[in-house]
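**Student:** Each chain, letter by letter, is given below.
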Amino acid sequence: MLTIDDLTVRYRTLGGEVEALTSVSLFARKGATLALVGESGSGKSTIALAAMGLLPSEAQVTSGRGLIGDDDILAMTQAERRRLRGTRVSLVFQDPFAVLNPSLRIGEQVGETLVHHRGFSKEKAHARAVALLDEVGIVDPAVVAHLYPHELSGGMRQRALIAGALAAEPEVLILDEPTTALDVTIEAQILDLLETLRAKRGLTMLFITHNLGVVKRIADEIAVLYAGQVVERGAKDDVLRAPMHPYTKGLLAAVPRLGGKKKQLAAIPGQLPDLRVPPSGCRFQPRCPFATPDSASPQVLIELGDRQVRCSSATQLRDTAWPEAEEVAPAAASRPPDSRTIVDVRDLTKSFGRGGGLLRRMARASQPPETKAVDHVSLSIAAGEVLGLVGESGSGKTTLGRTILRLIEPTSGTIAVAGETVTNKPQRALEPMRRAAQIVFQNPDSSLNPRKTVRELLGRPIVRFGLAALADIPARVDALLDLVRLPRHYADRYPHQMSGGEKQRVGIARALATQPRFIVCDEPVSALDVSVQAAIVNLLADLRDRLAVAYLFISHDISVVAHLADRVAVMHRGAIVEIGATDAVMERPQHPYTRRLLAAVPRLDSP
Amino acid sequence: MQLEASRKPLTLQLKVGLAIVGAIVLLGLLAPWVAPHPWDTISMRTRFLAPNATYWFGTDEYGRDVLSRLLMGTRLSLAMGVGATAISLAIGVPIGLASGYFRGWVDEALMRSADVLMAVPPIMLGLLFLAVTPPALWKTALAVGLVYIPQIARLTRSVTLSLAGEDFIQAAKARAETATYILFREILPNAWPPLIVEASLRVSYAILLGSALSFLGLGAQPPSSDWGLMIAEARSFLDRAPWIALAPGAAMCLLVIGINLLGDGARERLDPRLKSRVAT
Numbered sequence: 203m204l205t206i207d208d209l210t211v212r213y214r215t216l217g218g219e220v221e222a223l224t225s226v227s228l229f230a231r232k233g234a235t236l237a238l239v240g241e242s243g244s245g246k247s248t249i250a251l252a253a254m255g256l257l258p259s260e261a262q263v264t265s266g267r268g269l270i271g272d273d274d275i276l277a278m279t280q281a282e283r284r285r286l287r288g289t290r291v292s293l294v295f296q297d298p299f300a301v302l303n304p305s306l307r308i309g310e311q312v313g314e315t316l317v318h319h320r321g322f323s324k325e326k327a328h329a330r331a332v333a334l335l336d337e338v339g340i341v342d343p344a345v346v347a348h349l350y351p352h353e354l355s356g357g358m359r360q361r362a363l364i365a366g367a368l369a370a371e372p373e374v375l376i377l378d379e380p381t382t383a384l385d386v387t388i389e390a391q392i393l394d395l396l397e398t399l400r401a402k403r404g405l406t407m408l409f410i411t412h413n414l415g416v417v418k419r420i421a422d423e424i425a426v427l428y429a430g431q432v433v434e435r436g437a438k439d440d441v442l443r444a445p446m447h448p449y450t451k452g453l454l455a456a457v458p459r460l461g462g463k464k465k466q467l468a469a470i471p472g473q474l475p476d477l478r479v480p481p482s483g484c485r486f487q488p489r490c491p492f493a494t495p496d497s498a499s500p501q502v503l504i505e506l507g508d509r510q511v512r513c514s515s516a517t518q519l520r521d522t523a524w525p526e527a528e529e530v531a532p533a534a535a536s537r538p539p540d541s542r543t544i545v546d547v548r549d550l551t552k553s554f555g556r557g558g559g560l561l562r563r564m565a566r567a568s569q570p571p572e573t574k575a576v577d578h579v580s581l582s583i584a585a586g587e588v589l590g591l592v593g594e595s596g597s598g599k600t601t602l603g604r605t606i607l608r609l610i611e612p613t614s615g616t617i618a619v620a621g622e623t624v625t626n627k628p629q630r631a632l633e634p635m636r637r638a639a640q641i642v643f644q645n646p647d648s649s650l651n652p653r654k655t656v657r658e659l660l661g662r663p664i665v666r667f668g669l670a671a672l673a674d675i676p677a678r679v680d681a682l683l684d685l686v687r688l689p690r691h692y693a694d695r696y697p698h699q700m701s702g703g704e705k706q707r708v709g710i711a712r713a714l715a716t717q718p719r720f721i722v723c724d725e726p727v728s729a730l731d732v733s734v735q736a737a738i739v740n741l742l743a744d745l746r747d748r749l750a751v752a753y754l755f756i757s758h759d760i761s762v763v764a765h766l767a768d769r770v771a772v773m774h775r776g777a778i779v780e781i782g783a784t785d786a787v788m789e790r791p792q793h794p795y796t797r798r799l800l801a802a803v804p805r806l807d808s809p
Numbered sequence: 205m206q207l208e209a210s211r212k213p214l215t216l217q218l219k220v221g222l223a224i225v226g227a228i229v230l231l232g233l234l235a236p237w238v239a240p241h242p243w244d245t246i247s248m249r250t251r252f253l254a255p256n257a258t259y260w261f262g263t264d265e266y267g268r269d270v271l272s273r274l275l276m277g278t279r280l281s282l283a284m285g286v287g288a289t290a291i292s293l294a295i296g297v298p299i300g301l302a303s304g305y306f307r308g309w310v311d312e313a314l315m316r317s318a319d320v321l322m323a324v325p326p327i328m329l330g331l332l333f334l335a336v337t338p339p340a341l342w343k344t345a346l347a348v349g350l351v352y353i354p355q356i357a358r359l360t361r362s363v364t365l366s367l368a369g370e371d372f373i374q375a376a377k378a379r380a381e382t383a384t385y386i387l388f389r390e391i392l393p394n395a396w397p398p399l400i401v402e403a404s405l406r407v408s409y410a411i412l413l414g415s416a417l418s419f420l421g422l423g424a425q426p427p428s429s430d431w432g433l434m435i436a437e438a439r440s441f442l443d444r445a446p447w448i449a450l451a452p453g454a455a456m457c458l459l460v461i462g463i464n465l466l467g468d469g470a471r472e473r474l475d476p477r478l479k480s481r482v483a484t
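Keeping their order, the protein sequence lines are chains A and B.
Numbered by this note's numbering, the letters in the first sequence go through residues 203 to 809 in order.
Numbered by this note's numbering, the letters in the second sequence go through residues 205 to 484 in order.
Hints are computed from structural coordinates only; laboratory data are not their basis.
No residue lacks a Cβ here, since even glycine has one placed at the ideal position from N, Cα and C.
Accuracy of the hints is not assured; some may be wrong.
[Stated by the list, open to error] List of simulated lysine-lysine pairs, DSS-like, C-alpha gap at most 27 Å:
1. K438(A) x K418(A)
2. K627(A) x K219(B)
3. K402(A) x K418(A)
4. K627(A) x K574(A)
5. K438(A) x K232(A)
6. K654(A) x K377(B)
7. K377(B) x K574(A)
[To be verified] Pulled a few chain A residues facing chain B out of the computed Cβ check, cut under 10 Å:
8. R608
9. E633
10. I641
11. A713
Work out the full structure: start from the sequences and follow the hints.
**Tutor:** Okay, here's the thing in C-alpha cells:
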C-alpha cells in the first residue's frame, strides 16, 4: 500500500551536504501499522515528509520512489501531489499545540480539506467535520466545532488533528510522533483511538516514534532506522523479543522497565556518525560491542526468514544479548538508611493568579480565581535519598521543585534545607542554602548560557562561593568534567558545539560544582534519546552513590523514576496523592489516580 | 577545535557595507591631509565655480572648495552619529535590562516614561533640548542621543524578556547571583546581536537628525562644515549652484546606506547559535 523504494535524500546545509537517508526501502501492508523507530537524526521525519511529498527545497532526492498504491509521489508535479494529499494520504504531526491555526475554529480546520479538495460547500463541510469529531471520540462535537484551538486540551487537539487527517478519507495515514507531546493517560487514549480507526477504516499506518513501549502497543511490523539506513525489519514481536541487529539490542536494553531496578541501564556509548561523509562500512561499528573486522565492509540487508538485518554477523549474534552493565555496587545497594533529613517541606502552597502590572490590576474589574499550583504539600528527603516525583503536565511538579529552592516564592508553608528554615529569610540571606541545594534542568539548550564556554560555566559557581583559589579553578573544572565523564578538552567548548547528552552532563557538572547535598532534577532526561537517557540516568545514580547527594527527581516518565528512585511521590492537581517506597507504589498502588497512571504507561514487558 | 566564524565567507552586503563605511571613516580621519584645498579659506574670486578639474565638487558662495569641506564635515557627522548612539546605548540598555528583568512597577514606570518620550516627534524633542541654551555640536549629539533612548530601551527590554525565561537565568539565581551580575554578565552578552543591528540603524538616524537640527540652526554653527549646515547654507543658491547642496546630501545618503548594510550583515555573524556545530 505504502512503499518506499530505495530512497536516498540529501540535505544542503551550511556545513555541507548531509545524507539523511541512504537507499531506504519500506513497505506497509494494506490495513497494517508499520512502526518506524529511530533516535533523533536517524532520518525518520525525512521519510514522513518524503512520503507526503513535502520535502523542503534544500532536500534533494538522489534516487528512489515513494509509492502510494501504484503512484509515485516523488515523480509527481506539485499539483498532483496536492491532490494526492487531499485524497489518499494524510499526515498527523507531533505537536498539536503548534499545528492548529489559533485563529480558526476547530470545525473549519477539520473540514478545510473537504472544501479545497472535494468541492464541499461550507455547510456540508461543517456537518462532515462534526461527524468526524464524533468519530474520533470528542464529546459534544457540535459545540467543539465552534471552539478555537486554545479552548481545547492537548488530547482534544490531537483528536481534532486526527479528525482533520481523516477528512480526506485517506488510505494511508502517516503519524509523526503523534503522542510524544501528550501525557501518558492521554497517550493511551489516542493509541486506542488509532487502533479502532485502523480496524474500522482499514487504514494503512506509518507510525513514527522513538518510544518502544508505544511500538509494542500499536505496531504490526517494525523498521529500525539508524543514521539514515534501515538496520532491522520484521514482525513486532520478533523484533522486540529477539532483536538481531546490535543497535536494536542496545536500544531495547537501554529502556528502563518498571520493576527492573536492580541493574544499571545499558547505555550505547558514542554518537551518530557524521553524515556529511557517511562511513562506507557498518554505520554502527564505532558504537558496537560486537564489531568484527567484517564490519568495516559495506553492510547489506540480510534476509533471515521474514526478518531483514543489516549486519554481516547477524546469524552468529542471534542469541547474544547486549552486554550487561555491571551490577550496582553492593556497598551502594545496601546503603545504610540515612536518618538525617536534608529537605523538609511542611504544608507548602503556591498560588498563582493575581499578577500583572499596576495598570492592569486597576483595569481588571473582577479578580480571577487563584489557582493552586502546589496545594498543601508536605514531604521530606533524607540525605543521599532519591525521591521520585511523577505526575502529568500541569500537575505542579516543576513549580514544587522550584518553590523548594525558592526560585519561586511560596504562598504559605515552611521549607527547611539542611536543617535550616529558608522560608522566613530574604533572598540575600539564602547563600548557605544556595550552596547546599542545586538544580538540573530539562532542556539542555536553555540551561547553559550560549555565550559562555564550559570552563566559564563550571568555574563561575566555584568563584561565586569562593570554594577554591583562582589558581585552582582549572583543576576543579577538570575534576568536574571527569566526574560527569566528559573529556577535559571540552572545557573550551561552547554549548552549541556539544550534543544534547553532553550539554546535559555539563548542566549536571555545574550543579555539582558547589558540592551540594541536594539537587532538584527537573525532567533531566526527558529531552534526550533513549540511549543517551540511559547514560545520564546511570551517571546520576553513580553520583548519588559516590557523593551521597539527595535528589528530588521530577519526571513524567514513570519507568525512569521507578528505576532511580528510593521513594516515589505521585502528584495530581497540585497535591501529592500518594507517597511511598518505589516498589510498594509500583506494585500496590493505593490511590485510584496512581493506578490509572500506571495502567496507562506503554510497557515493553507487558504480556 | 576550529572556529568557523573566521572561515565563513563574508556576505555581499557585509562586504559592500564594510567598503563604504571603511572608506568614509578613513577619508574622515585623513581629511586634513587628503583635502585638496584649505576647507575654510574664503576667496571671492572663486565663488560658485561649477565642478571642474581643480575643484572636483565645485565651490560655494564664499569660494571655498566643497570637496574639502565635505571631507572635514565627515568627522563631524561620524562623531555626531557615534556619539549620540553611544549616549542612547549607555542609558537605554540599562533601562531596558532593568524593566525586562524586574517587571512589575519598575517596568511600568520606565516604559510609560519611554512612551511619553516616544509620543513627541524626535525633531520637536531635539528642539526642546536645544532651544533653551546656545547651540553647540556636542549639545546636538547629546540631544539626539537622549531622543533615541526609548527605542533602544524598548528593544533591550523585549530581548531581556525572552532571555529572562531561559533556564540559565534560573541556574544563576540558584547560585544566588546578584541582579547586576545576571543583567550584565548573563543577559547582556546574549542581547548584543539585535542591539548592534539596532545601534547601527540608530547611528544613521542620528546623523540624519543631527544634520536636520544643524539645518535648523540648532547644531553646528558657521563656519563649521557640518553636512546639515552646508545644505542649509546652500539652499539659497539651489537654482544657481546646486552642487553645493548635492554633495553633502549624496555623502549622507552613501554613509547611511553603508552603515545599514554593515549592521544587517553583522547580525548574521554575531549569533553563535547560527554557526554550525563543530565535528569532533
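**Student:** Hint by hint, note whether the structure agrees.
**Tutor:** Results for each hint:
Taking the CA atoms of K438(A) and K418(A), the gap is about 7 Å. The hint holds against a cut of 27 Å. With a C-alpha separation of about 56 Å, the suggested pairing of K627(A) with K219(B) is violated against the 27 Å cut-off. Distance hint between K402(A) and K418(A) is fulfilled; the C-alpha atoms sit about 20 Å from each other, no more than 27 Å. Between K627(A) and K574(A), the direct Cα distance comes to roughly 23 Å. Compliance with the 27 Å bound is thereby established for this hinted pair.
Taking the CA atoms of K438(A) and K232(A), the gap is about 16 Å. The hint holds against a cut of 27 Å. For the given pair, K654(A) sits about 17 Å from K377(B) by alpha-carbon distance, which is consistent with the 27 Å threshold. Restraint check for K377(B) and K574(A): the C-alpha separation of about 24 Å stays at or below 27 Å, so the hint holds. Interface restraint check for R608(A): the shortest CB-CB distance to chain B comes to about 9 Å, inside 10 Å, so the restraint holds.
Using the Cβ-Cβ criterion of 10 Å, the hint placing E633(A) at the interface with chain B is satisfied: the shortest such distance is roughly 5 Å. Hint on I641(A) holds. Least Cβ distance to chain B is approximately 5 Å, under the 10 Å limit. This hint holds: A713(A) has a C-beta 8 Å from the nearest C-beta of chain B, less than the 10 Å allowed.
Hint violations for this structure: number 2 only, all remaining hints satisfied.
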